[in-house]
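Chain A is fixed; fit chain B onto it per the hints.
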Amino acid sequence: MLNYLVNRLFTSIIVVIGVCSIVFLLIHLVPGDPVEVMLGESASPADRETLRRQLGLDQPLHRQWLLYLQDVARLDMGMSIHSRRPVTSLLAERLPATFILAVASIVVAVLIAIPAGIMAALRKNTLYDHVSMTVAMVGVAIPNFWLGPLLVLLFSFYLGWFPVSGMTGPLSLVLPAVTLGTALAALQSRMIRASLLEVLGENYIVAARARGLGEARVVLGHAMRNALLPVTTVLGAQLGALLTGAVVTEQIFDWPGLGLLTIEAIQKRDYPVLQGCILLISIIYVIINLLTDLVYVVLDPRVRLDNE
Amino acid sequence: MTHLLEVNNLTTQFGSGERVEAVVDNVSFSVGQGETVVLLGESGSGKSITALSIMRLLPQAARISGGDILLGGDSLFTLSERAMRHVRGGRIGMIFQEPQSSLNPVLTAGQQIGEALQQHKGLKGRDQLLRAVELMDAVGIPEPDRRVHEYPHQFSGGMKQRIMIAMALAGEPDLLIADEPTTALDVTIQAQVLELLRDLQKKTGMGILFITHDLGVASVMADRVAVMYKGQIVEQQGSDAFFKSPEHEYSIHLFNSLPNRDKRIRDEKTAATMPDRSGKPLLSVDNMKVYYPIRKGLFKRVVGHVQAVDDVSIELYAGETVAIVGESGSGKTTMGKGILQLLEVTDGNIVFNGEDLNRLDAATLRKRRSDMQIVFQDPYSSMNPRMMIADIIEEGMLAQGIGSGSSDRQNRIDKLLTDVGMKPEHKLRYPHEFSGGQRQRICIARALAVEPKLVICDEPTSALDVSVQAQILDLLNDLQQRLGLAYLFITHNIGVVEYLAHYVAVMYQGRIVEQGAVEDVLYAPAHSYTRKLLSAVPMVRTGTEDK
Numbered sequence: 324m325l326n327y328l329v330n331r332l333f334t335s336i337i338v339v340i341g342v343c344s345i346v347f348l349l350i351h352l353v354p355g356d357p358v359e360v361m362l363g364e365s366a367s368p369a370d371r372e373t374l375r376r377q378l379g380l381d382q383p384l385h386r387q388w389l390l391y392l393q394d395v396a397r398l399d400m401g402m403s404i405h406s407r408r409p410v411t412s413l414l415a416e417r418l419p420a421t422f423i424l425a426v427a428s429i430v431v432a433v434l435i436a437i438p439a440g441i442m443a444a445l446r447k448n449t450l451y452d453h454v455s456m457t458v459a460m461v462g463v464a465i466p467n468f469w470l471g472p473l474l475v476l477l478f479s480f481y482l483g484w485f486p487v488s489g490m491t492g493p494l495s496l497v498l499p500a501v502t503l504g505t506a507l508a509a510l511q512s513r514m515i516r517a518s519l520l521e522v523l524g525e526n527y528i529v530a531a532r533a534r535g536l537g538e539a540r541v542v543l544g545h546a547m548r549n550a551l552l553p554v555t556t557v558l559g560a561q562l563g564a565l566l567t568g569a570v571v572t573e574q575i576f577d578w579p580g581l582g583l584l585t586i587e588a589i590q591k592r593d594y595p596v597l598q599g600c601i602l603l604i605s606i607i608y609v610i611i612n613l614l615t616d617l618v619y620v621v622l623d624p625r626v627r628l629d630n631e
Numbered sequence: 015m016t017h018l019l020e021v022n023n024l025t026t027q028f029g030s031g032e033r034v035e036a037v038v039d040n041v042s043f044s045v046g047q048g049e050t051v052v053l054l055g056e057s058g059s060g061k062s063i064t065a066l067s068i069m070r071l072l073p074q075a076a077r078i079s080g081g082d083i084l085l086g087g088d089s090l091f092t093l094s095e096r097a098m099r100h101v102r103g104g105r106i107g108m109i110f111q112e113p114q115s116s117l118n119p120v121l122t123a124g125q126q127i128g129e130a131l132q133q134h135k136g137l138k139g140r141d142q143l144l145r146a147v148e149l150m151d152a153v154g155i156p157e158p159d160r161r162v163h164e165y166p167h168q169f170s171g172g173m174k175q176r177i178m179i180a181m182a183l184a185g186e187p188d189l190l191i192a193d194e195p196t197t198a199l200d201v202t203i204q205a206q207v208l209e210l211l212r213d214l215q216k217k218t219g220m221g222i223l224f225i226t227h228d229l230g231v232a233s234v235m236a237d238r239v240a241v242m243y244k245g246q247i248v249e250q251q252g253s254d255a256f257f258k259s260p261e262h263e264y265s266i267h268l269f270n271s272l273p274n275r276d277k278r279i280r281d282e283k284t285a286a287t288m289p290d291r292s293g294k295p296l297l298s299v300d301n302m303k304v305y306y307p308i309r310k311g312l313f314k315r316v317v318g319h320v321q322a323v324d325d326v327s328i329e330l331y332a333g334e335t336v337a338i339v340g341e342s343g344s345g346k347t348t349m350g351k352g353i354l355q356l357l358e359v360t361d362g363n364i365v366f367n368g369e370d371l372n373r374l375d376a377a378t379l380r381k382r383r384s385d386m387q388i389v390f391q392d393p394y395s396s397m398n399p400r401m402m403i404a405d406i407i408e409e410g411m412l413a414q415g416i417g418s419g420s421s422d423r424q425n426r427i428d429k430l431l432t433d434v435g436m437k438p439e440h441k442l443r444y445p446h447e448f449s450g451g452q453r454q455r456i457c458i459a460r461a462l463a464v465e466p467k468l469v470i471c472d473e474p475t476s477a478l479d480v481s482v483q484a485q486i487l488d489l490l491n492d493l494q495q496r497l498g499l500a501y502l503f504i505t506h507n508i509g510v511v512e513y514l515a516h517y518v519a520v521m522y523q524g525r526i527v528e529q530g531a532v533e534d535v536l537y538a539p540a541h542s543y544t545r546k547l548l549s550a551v552p553m554v555r556t557g558t559e560d561k
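Chains A and B, in that order, give the protein sequences. Position 292, counted from 1, in the first sequence is what the numbering used here calls 615; the numbers after and before it change by one each time, with no gaps. Position 416, counted from 1, in the second sequence is what the numbering used here calls 430; the numbers after and before it change by one each time, with no gaps.
None of these hints come from the bench; they were simulated from the model. Incorrect hints may appear among the rest.
Unchecked claim - Over 10 Å on every C-beta distance to chain A, these chain B residues come out as not near it, computed from the model:
{"id": "1", "residue": "Q27"}
{"id": "2", "residue": "E35"}
{"id": "3", "residue": "G58"}
{"id": "4", "residue": "S79"}
{"id": "5", "residue": "L117"}
{"id": "6", "residue": "Y165"}
{"id": "7", "residue": "G230"}
{"id": "8", "residue": "A377"}
{"id": "9", "residue": "S421"}
{"id": "10", "residue": "E447"}
{"id": "11", "residue": "S481"}
{"id": "12", "residue": "Q523"}
{"id": "13", "residue": "Y537"}
Claimed, not checked - Example chain A residues on the side facing chain B (calculated, C-beta under 7 Å, incomplete):
{"id": "14", "residue": "A530"}
{"id": "15", "residue": "R534"}
{"id": "16", "residue": "Q561"}
What you are looking at is a predicted structure, and each value in this text was computed from that prediction instead of being measured. Note that CB positions come from ideal geometry on N, CA and C, so glycine has one too.
Bound-form chain A, shown alone (with noise of 0.2 Å):
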């Protein structure tokens, strides 16, 4: 188990190395003169001379690599060219609120996704089943661009409940957070269900139902541990991305939240801030796998012992 985790850790650090080196890349891939850029073509030469010596672009490749890993190493990613201030408090003040809505989201899906998954399997092709899927496939087809607007005009304009956008209190929360979380929850009632008919149709299941269980404990009980484990995996990425800023989602509701920082960054050219932006998207994206694996571990005692 330790061995396990010592290599899971390691792993991941050298993917994360990896991500800095393509990050680092980036303002290399930047047709022409990255500062030419940045600063646009009515700046003085001086100003250019400036920045580029601060981006470190008069050294050699080798050496700016070297350079920009131990920055980061030292948590310094340059200073935003826009607002002037160090990229890592940009960052640090927009992932609060992308966390509280990434969790949000993920609790509103699960809190729809598991009974609703859980009634189809068991009632499969009855007309409640046949329903839900249904209106599961319109949630995974209909584009959040879409459905979020909806949801403002109705609760919002129409009816006053929630406030249109902005990081707000509690109730702000709540339109971009069901906006997320259905579609999400559309997906994963659907392997719910599909997980959880494969498991129904065990030996074990029968075996669990000969030893004179009760309906819940054998679904609860037995099935559901079983088919969740899959189920896991796809919780895993889906929280990895909303973790890393739902861009769409978060411009519609002017979330302030790394999503909007991204798409702010884009529109401003503010590379020092981009490359934080991807930099902290990727490492996200590395610990909610190993997240997601040791979960797994934790869930089934099958993997738990094959690494030993």
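Okay, now just chain B, sitting in the frame of chain A:
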């Protein structure tokens, strides 16, 4: 004897409307206290559906359409679902064919036994744990107080079945239904589990309804035998009478299908005559080793080896059959695949037709492949379901450049299918349209298509019913005599060895512990493992012979 369980005119149907099929058709029998009734039959005969009907745990497509089942005088069909739950696991315990898949992989042995204890005995917490340990001890699991906390995958197959038995006993049932409980187990483990069941029956006085397809197992377990065929009980007798003189023609057919020495003499096949062993062997394997590295740690260092096949040597001459016998994990399949170079051989010489296969380059080896073929255990998964039979058989010929053109090959396919007892028009169908036995015939035709000298048969009849097995063995025999094929026959079934093989090698933990002529090894075994293996085989007591 009072009747514990009475099944009266039970009929269970599948499907609805026009397409109703009675899988269990007007079946009646009874089980007394302390009595073991064996329900004997081949696959699809309705044995398991009878058992599930008693438990009222039928799959959704099935429906009980007639008859009654009485347990201690109470009709089970009038009980509510809630009351039925007290019967399941409380008054009737049940164990299943595959202990592997009958235990929930994410719950510990103790948790699963504990569930039954809580449901039927109201035990919780410490009392529950102690009783679970007691039960595990009673079914012969060593170190039960430690192992109670382990998960199913940490137990061997035999131990898993013991856990299932412990679970079934938790509710102290009057009746135990055992549905092929030892079919998935090795023969030595089977012997232990059967003995355990008999012991437990003696202690508790429970009745056992024992479902099996194996005449040997039936012979060991039964007080009474009921033979099922196509959903009906065609014969019901006391055990002694049944094994002395089976009455129904289907029962007699079952006995005649059993491969063994008597049948070999009766059929005057194979080998009343031993093949000529002078001259050069077709295949000679010297000191073959297949080792798998065990890797550990961060940098996957090799810390040891699994010695799957360790230093084995055998010889095989044209026209003869050498059987490799052993239990699961003994390395027999690995050895077969190693000889064919289907996996990497660590060391040793495999001289086939004068060439060392182990030293050939890939291109030459591919050309030699037409001389050696393999037939696998599971005819269901060894054919591509999306290919037509004609294409399946032709593929090898194309690869080896056999046949002068398409029409020549088609003619050969027709002939091959006829040779294996199928019809030429079958070639335009797909694998799923055939039964297991037919599929195995097609697999044999596929192997023969490239005109091999050696065919490795890896448990080719283990997935088949005994009457189908008899046909396939006959076919293999027949082909050997006509074509002079050499078989390396991998099996765990001693009866098949007796019937078919000239020579036999016994494998145990990757090594050949004993080899020689079949008569010598089976009737005068020298090695202790061979003796243990042979004594574990449940013998059918026929005629006046005792068990």
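Going through the hints against the structure:
1. Q27: Nearest chain A Cβ is 20 Å from Q27/B, so the label holds.
2. E35: holds, 21 Å
3. G58: holds, 18 Å
4. S79: Consistent with the label, S79/B stays out of reach of chain A, its closest Cβ about 21 Å off (over 10 Å).
5. L117: L117/B not clear of chain A: closest Cβ-Cβ about 6 Å, inside 10 Å.
6. Y165: Per Cβ check, Y165/B is inside 10 Å of chain A; nearest 4 Å; violated.
7. G230: Since the minimum Cβ distance to chain A is about 25 Å, G230/B lies beyond 10 Å and the statement holds.
8. A377: holds, 38 Å
9. S421: holds, 47 Å
10. E447: Holds, since 24 Å exceeds 10 Å.
11. S481: It holds; S481/B is separated from chain A by about 26 Å at its closest Cβ, greater than 10 Å.
12. Q523: Q523/B is indeed farther than 10 Å from all Cβ atoms of chain A, at 23 Å.
13. Y537: Y537/B is indeed farther than 10 Å from all Cβ atoms of chain A, at 40 Å.
14. A530: Holds: closest Cβ of chain B sits about 4 Å from A530/A, inside 7 Å.
15. R534: holds, 4 Å
16. Q561: With a minimum Cβ separation of about 23 Å from chain B (threshold 7 Å), the hint on Q561/A is violated.
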